[in-house]
Amino acid sequence: MNNSLFILAVFWGVWIIIPVLFDGILTFLYMLVIVFNRKYNAIFKRAKNRKQALDPTQLPRVSIIIPTYNEEENINECLNYLKIQTYPQDKMEIIVVDNGSTDQTSAIVKEHMKEIWQSQKSETGNNHLNGKIKVNGQTYETNGFGGLLRLVIRYEKGKAKALNAGIKLSQGEIIINIDCRSFLAPEAIYNMVRKFLDNPEYGAATGNVEIDWQLIYERDHHGNYLLDGDDHYRPRELSHKEKFLGKAQFMEYLTSFRLGRQFQDITGSMYTFSGAFSAFRRDVLLNSGLYKSRTVAEDTDLTLDLQGQNVRLGFAQDAKAYLKPVISFERFYSQRIRWHRGQIETIGLHLDWYGNFRKGFWRNFWLMLLLIIDHTFGFPRIIWIFMLPLFFLFGYSITLIVEAILIMYAFYVLMDFLNAGYCYRIVGRETREKLKDSIQYCLVTPFFRILTFYFRFAGYLEVLKEPQAWTTPINPVRSVKEYQSSIRGGYQKTTNFGLKVWQFVSGQKAEAPVYYEEKIAELDGFGLERNGSDPKEAREIEIVPDLNRENGRRKMDGLYINNAKNANKEV
Amino acid sequence: MDSRLLATIIIFPIWLTLVLVFRRHRQWLLYYLIAAFGLTLQMVFLAEHFGIDQLLVNLASFHVDLISKNIFHIPMELMSNGRFQIILTNGSSSILKLGIECSAILESSIVISLILFYPLFNSSQKILRAIFGLVITYVINILRLMIIVLMAYKFGPDYIFLAHAGVARVFFFIFELLLYWYLMTKPTVKSVGDSIKDGVPIAQAATVGHTFQRRNALAQVAIIVLVVGLSLGSFKMSSEWHKAFIQVAREPRPIIYQEETSLEPSPKEVLGEQSQVFDQLKIDNLSGQKEYIYRFEVTDFTLLNVYLVEGSQPVMVEVFLNEEFQNRSIIGATGEPILEKFFFKEPLKVLGSDMVELRFRNLKEVPSNYQIKVYTNGGTNE
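In order, the protein sequences belong to chains A and B.
So in the numbering used here, spot 386 of the first sequence is number 386, and the numbers just go up one at a time.
Heads up, the numbering used here is the position in the second sequence plus 1000, with the first residue counted as 1.
The set of hints was computed from the structure by calculation and includes no laboratory data.
Do not rely on the hints blindly, as some may be mistaken.
[Claimed, not checked] In silico EDC-like cross-links for lysine to aspartate or glutamate, where the CA-CA straight-line distance does not exceed 20 angstroms:
1. B:K1197 <-> A:D305
2. B:K1190 <-> A:E430
3. A:K168 <-> A:D374
4. B:K1190 <-> A:E466
[As the list claims (entries may be wrong)] Covered, in the sense of this in silico footprint (three residues per stretch, anywhere, with C-beta under 8 angstroms from a C-beta of chain B), are these stretches of chain A:
5. 61 to 75
6. 154 to 168
7. 189 to 196
8. 340 to 349
We treat Cβ as the ideally placed atom computed from N, Cα and C, and that holds for glycine.
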């Protein structure tokens, strides 16, 4: 190889390549450990016979807690997905904790409750509930639910407090926390409980969260969902930008869960439970001191708290939750800011700087490694990405620089392809289909990496300068949008004026066009950014379902459930 | 005007405006990115304009020379402009040239800019940390160069490339990372954690419990005195320290990054074991002429090459054999620093009683300092 090219790529590019290489080596290590662990279990531990069904009467009671704030877009579907669970529904208790939403969230939940009481299909039409849910090509009826649905309305800020309120009210032996935007696969809760029953040593476990871009549905100009031939919501055709974000996130989540979390399960180094789907044994959760609102990453905070108490934390790979990808740069930016702000905050609280070798050496080791890869590597890298293309100023030829950049790009792409290839081997059928569908996006994931890198860095800077907020008020993407729209507004004014003149001259009258803009609510606000609500006035209202309903047996996915009897006992 | 100075003068107001605007609008990512990147670029441009990079190279070569001689006892000679001649273990000698890359000017600028604009520190901490970062980067760089020199000395010139782009680079990378960990990551995470635990603002938490705070001023001063003393002491120890500050070329020069370490072949490698100096020319009194002709008759040698002595000005040479043009070569015209070097890759083949004519062309009168050696495989002019 040309020496100068080699020097350019290796000598200077080292600041860009090594961090990626490090990621690659770690991924490789993950793969090795996972494969080794599987073989080891197969040979020495006689893997448990997982085909055997659990005895439905022996299953523990499960409480599912959903904190919400202005989630009218998602709460309906989230509850529908819970209604099609294969877990015995009389042992399920859903607690929706609403932080005083200003939209229809609580009304929708109440409608669901009413429907459960009345055990009949809603008449409000497709906007509320069309009665059918399609998951992985299978259609499920969602008319009824045999469990308990409770709604708590609170007037206090904070997701952590909402979760805690739900936990305090819950009665299940296993407490599952999910996000309003995570849609559980039908077997998710069953498999999650199975993880606990099969492995008594686990105190808590996180679910396998997978991105599904087909959950973004098409809607008409008035915001109503459109239905396909099967009377089901129709997935929306995504734009190129949305596909890029969605599929890159799919790959990212896949690696992070199927490799990262699995590895962390084996080595006992779980860094964060996904807020989208995690489960705890009741005593473990109550002993941990619950969620704390001191950081913006209450899930990571709790995970590290549990780790400090030497609770075994696991990953339930069969318990699947589907998540809508974040498909606008604006919200993607806020999400990453929150994650990495939270990362610094929680590690700052939990890292033992003068590492206690006997107690928490490995915990410290993994946290420090994470910091080095994410934070320390970032500093030189942030400049080198821009410095390298400018090397023609220092005497390198431009062709040489282009060649060097291409080499780096090829390196990134190769790594992503290897990752995807390995994931393809270990995942199930429907994920394989998705992987096939998005494999070509490996060619653009290097750009996604750079994007996430800069957004992550923005989070690291914001934690130093800005007060805590769930959705950061400072958003360059939004600023650019506002700037653009202000320009466009000026343009529109001019054209409107011209139109009026033309109408006046010609005597025509044009109808104003109807625009439908997808409402981007502050979906994960949890009231944090709202002002004016006085904590002193905070109060909790609990709404429990009407218990004087008929006893009824309903066929639900092969399980006959006697719902009302148990509900009566519980309250 | 030098293009780099011009570029800096143009960049500076734009950069400053952008930095202030983004700071005002609290767009921290853009602020930090543009501030640090722009400052790096300007620092590198200015360093090149004022020759600081060359100074750093000279300084680094001086320290490498000092360490190699006194600690590792490598037979070597320090020349000006960041070059040394090493006598390798196999007996041959090689000249190792330190390029601008070896000054670590880019890395130092990046460390300083990243620290100076990091929003965590107050100004006194920033300055102390920047000095610390600069000194440590310099020390790491010297150690890195030592790895290259040692590998060249022990394993031969073939390993220089591996040492340079591989081993030494990884070494440098690891230690720079430790530096960043200590200067940036650790105070960040610690201050954020402390501020949440104690319920105080981060700016307040950041000034507690760090090496770089005012409380430890005495220790800081002691360390600075120690560093300065060590560097002064190192100059005192060596009789050749003045070579570190010799600068030959003051004219603007493009910087050649392609070849950081190149080994010039020794006369023995080019002309065989019997090589010796046929004649040594010093052209310093031109009195108006633009060409200098040197003629001699071949006696008992068959190969011939012309050698440019260090410190000479760039010159073009044409070789005529029995009035017939043979070859032409030029050294130094591309603006690279002038090295001791043979004009021709392949030595000229001559026969006995041939008449050789060397014509040195395009000579400049003021100041004139042309030094050339003629090497043969046996036979001198005496």
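Going through the hints against the structure:
1. B:K1197 <-> A:D305: Holds, because 14 angstroms separates the two Cα atoms, which is no more than 20 angstroms.
2. B:K1190 <-> A:E430: violated, 44 angstroms
3. A:K168 <-> A:D374: violated, 36 angstroms
4. B:K1190 <-> A:E466: holds, 17 angstroms
5. 61 to 75: Per the Cβ count (0), the hint is violated.
6. 154 to 168: As far as the region 154 to 168 of chain A goes, the hint is violated, because 0 residues have Cβ atoms under 8 angstroms from chain B.
7. 189 to 196: Coverage by chain B is violated here, the residue count being 0 at a Cβ distance below 8 angstroms.
8. 340 to 349: holds (count 5)
In summary, the numbered hints that this structure violates are 2, 3, 5, 6 and 7.
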